[in-house]
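Chemist: Here are the chains, one letter per residue:
2 protein chains.
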Amino acid sequence: MLHSVIMAGGSGTRFWPLSRQMFPKQFLTLQGNRSLIQQAFDRCQPWIPPECCWVVTAERLAELTRKDLPLISDARILQEPAARNTAPCIGLAALCLEAIDPEATMLVIPADQVISDLLAFENDVRRAERLVTDDPERLVLFGVPPSYPATGFGYIERGNPLGPAGYEVASFREKPDRTTAESYLQTGTFYWNCGIFVWKSRRILQALARHEPAISAGLEALRPHLGQPTFQTALAEIFPTMTSVSIDYAVLEREKNIAVLAASFSWDDVGGWEALTRLLPPDANGNVVLGQAACVDSQDCIVRSTDTHVVTLLGVKNCIVVQTPDATLVAQRGDDEAIRKVIAALKEQGFDRYL
Amino acid sequence: MLHSVIMAGGSGTRFWPLSRQMFPKQFLTLQGNRSLIQQAFDRCQPWIPPECCWVVTAERLAELTRKDLPLISDARILQEPAARNTAPCIGLAALCLEAIDPEATMLVIPADQVISDLLAFENDVRRAERLVTDDPERLVLFGVPPSYPATGFGYIERGNPLGPAGYEVASFREKPDRTTAESYLQTGTFYWNCGIFVWKSRRILQALARHEPAISAGLEALRPHLGQPTFQTALAEIFPTMTSVSIDYAVLEREKNIAVLAASFSWDDVGGWEALTRLLPPDANGNVVLGQAACVDSQDCIVRSTDTHVVTLLGVKNCIVVQTPDATLVAQRGDDEAIRKVIAALKEQGFDRYL
Chain H
800 MLHSVIMAGG SGTRFWPLSR QMFPKQFLTL QGNRSLIQQA FDRCQPWIPP ECCWVVTAER
860 LAELTRKDLP LISDARILQE PAARNTAPCI GLAALCLEAI DPEATMLVIP ADQVISDLLA
920 FENDVRRAER LVTDDPERLV LFGVPPSYPA TGFGYIERGN PLGPAGYEVA SFREKPDRTT
980 AESYLQTGTF YWNCGIFVWK SRRILQALAR HEPAISAGLE ALRPHLGQPT FQTALAEIFP
1040 TMTSVSIDYA VLEREKNIAV LAASFSWDDV GGWEALTRLL PPDANGNVVL GQAACVDSQD
1100 CIVRSTDTHV VTLLGVKNCI VVQTPDATLV AQRGDDEAIR KVIAALKEQG FDRYL
Chain A
800 MLHSVIMAGG SGTRFWPLSR QMFPKQFLTL QGNRSLIQQA FDRCQPWIPP ECCWVVTAER
860 LAELTRKDLP LISDARILQE PAARNTAPCI GLAALCLEAI DPEATMLVIP ADQVISDLLA
920 FENDVRRAER LVTDDPERLV LFGVPPSYPA TGFGYIERGN PLGPAGYEVA SFREKPDRTT
980 AESYLQTGTF YWNCGIFVWK SRRILQALAR HEPAISAGLE ALRPHLGQPT FQTALAEIFP
1040 TMTSVSIDYA VLEREKNIAV LAASFSWDDV GGWEALTRLL PPDANGNVVL GQAACVDSQD
1100 CIVRSTDTHV VTLLGVKNCI VVQTPDATLV AQRGDDEAIR KVIAALKEQG FDRYL
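These protein sequences, in sequence, are chains H and A.
FYI, in the numbering used here the residues of the first sequence are 800 to 1154.
FYI, in the numbering used here the residues of the second sequence are 800 to 1154.
Extracted from the complex, chain H is given alone in its bound form (with noise of 0.2 Å):
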């Protein structure tokens, strides 16, 4: 059977204030109705059956996640009592999936990106699965072909082709720096590396203990709690000494049988306001507002505001305003990443609770 794992235990600096501590970037709506971790969802909807569908978030973010998700019973969303990166994330939907589906494939995807084009996504994991049936040792991954010299993302350089579906991995690469990306783009074989995996659960919890003993140790230890009243106590016990690491650094950089499919689906990380960009149409001005606003003399601004509530810009270009009750940013646009500084003054200064 195919499940699918929806990776939801972001931290959530990113789109501050929009999102918090407590209501991390999964939870936004950004378009439309439905929130990033509803849309990871929606989109494997129906040809994935709820009771095949596992969130994993972490523990103070369970309510939230449940409330999002009431398909998705309590037994699914998979409590981490603190952040230990996805190698221990995806060991622990492993662990849980092998249980009930000793054959069981896993779809491991971020709950925090949009995809659009489903029907897409549904042949591309469908050829995935494909892949995996053929070799069940096979580790796939999704790669996206670059659409621009990004260097903010790891990459993924194809190898030999596997059929007409797939490719060999002939490495992996760090984010690289603009030259290095533009290189990445201009020779067409190298996709960006964006989280979304299928494999057999069994082959990733072999590779974990390969690879990651301590990982592999605490799942072992974990094991006999599974279904048990037991377990989030055991969970809570040992998930901590888990290493903290990325499946990729883990387990995909040091295996052989990789497999990177090109995405024909389109996909946006969302990493930040600038994003609202992508996924909103603009007005005359190059404006683009979620919410109410006048914008008086201003050009190519991004706005966000709630509907009790009207942002007003006069003489203003290339903005980034967030209004939320108790907390607003106003910055230049252009670098997605400075709004760590924002998080840092706000620590500095005493404003934490605005975190």
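Just so you know, not all the hints are guaranteed correct.
The list cannot tell twin chains apart, which means a pair is met if one copy fits it or any two copies do.
Below, simulated DSS-like cross-link-like pairs (lysine-lysine); rule was C-alpha separation at most 30 Å, straight line [to be verified]: (1) Lys1116 with Lys1146; (2) Lys1116 with Lys1140; (3) Lys1140 with Lys1055; (4) Lys974 with Lys1146; (5) Lys1055 with Lys974; (6) Lys974 with Lys1140.
Since the hints were derived computationally from the structure, they do not count as laboratory data.
Start from chain H and add chain A according to the hints.
Modeler: Frame of chain H, contents of chain A only:
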């Protein structure tokens, strides 16, 4: 006796979104803990006793006025049933004062200015009072020595000296263009007309009778209702029939015996958000903050927030950011007048409820 008359009928779009139709500028607290109207009252204490302090405001603002000025009795808070500019406003106050004190001298001051050096203010008012005592037919204006070539004020040209304290008025000048304003500044014989006046109430009523028969007739029709329970009803009927005209145009520019007294206090009309840069100290990067803010890589901004909200700036220069619970303004600095465009846009977009 010297009475003060605080003119507090302002409509207040200049400080939108902090000021509103139902909460105009005079009620704002922009520095310290006293609103502008409270400061107008305070600056005549204790040398004008509260029973000699009068306020003329709009009916809809009477409650706010009472709340801000609890020491002023209800009978001294005159409520205009309609906006009719300053001539009817001052005429109404003069009528009420004269009935109580036929020899009353009135100090007329706008409710929405900032005056520092209160001792100088008191001394200046005493000097003005003396000019009126010397010649009870005299109408005295305060002139503020210009500190820059302002184009937003009317100017008063001084003529022959009247002893050490003042000058005859040689002429009144409309708001000048930049070049003219520069020449006014150079000559040293021009003052800003700051709308502060001292005269006998009887005298200003005579002047209105001479130049504005419709206003005078209205006031005479009101006279029998003074101190009667019918007063407000009569006012509601009569006041709207009075000509809407400024005291400057109605009387001052038409009379001969006008004196100007050079203000030795420092004066600010608080004409818009730019005023905050004159009223509050900037931080090391030139940012002026009223309330809570974190400014990162930002310069020369004016920020207004509240104690339960934080405004954050990132890489922003020369901006005005004003946060209120239901409306936010983000404007490029440099043109306080342009706020009108925002008001117009809000009306056009059906956002009248935020005005």
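Chemist: Each hint needs a verdict: does it hold in this structure or not?
Modeler: Comparing the hints with the structure gives:
| no. | hint | in the structure |
| --- | --- | --- |
| 1 | Lys1116 with Lys1146 | both (28 Å within a copy, 22 Å between copies) |
| 2 | Lys1116 with Lys1140 | both (21 Å within a copy, 16 Å between copies) |
| 3 | Lys1140 with Lys1055 | neither (40 Å within a copy, 64 Å between copies) |
| 4 | Lys974 with Lys1146 | within (28 Å within a copy, 48 Å between copies) |
| 5 | Lys1055 with Lys974 | within (21 Å within a copy, 81 Å between copies) |
| 6 | Lys974 with Lys1140 | within (21 Å within a copy, 45 Å between copies) |
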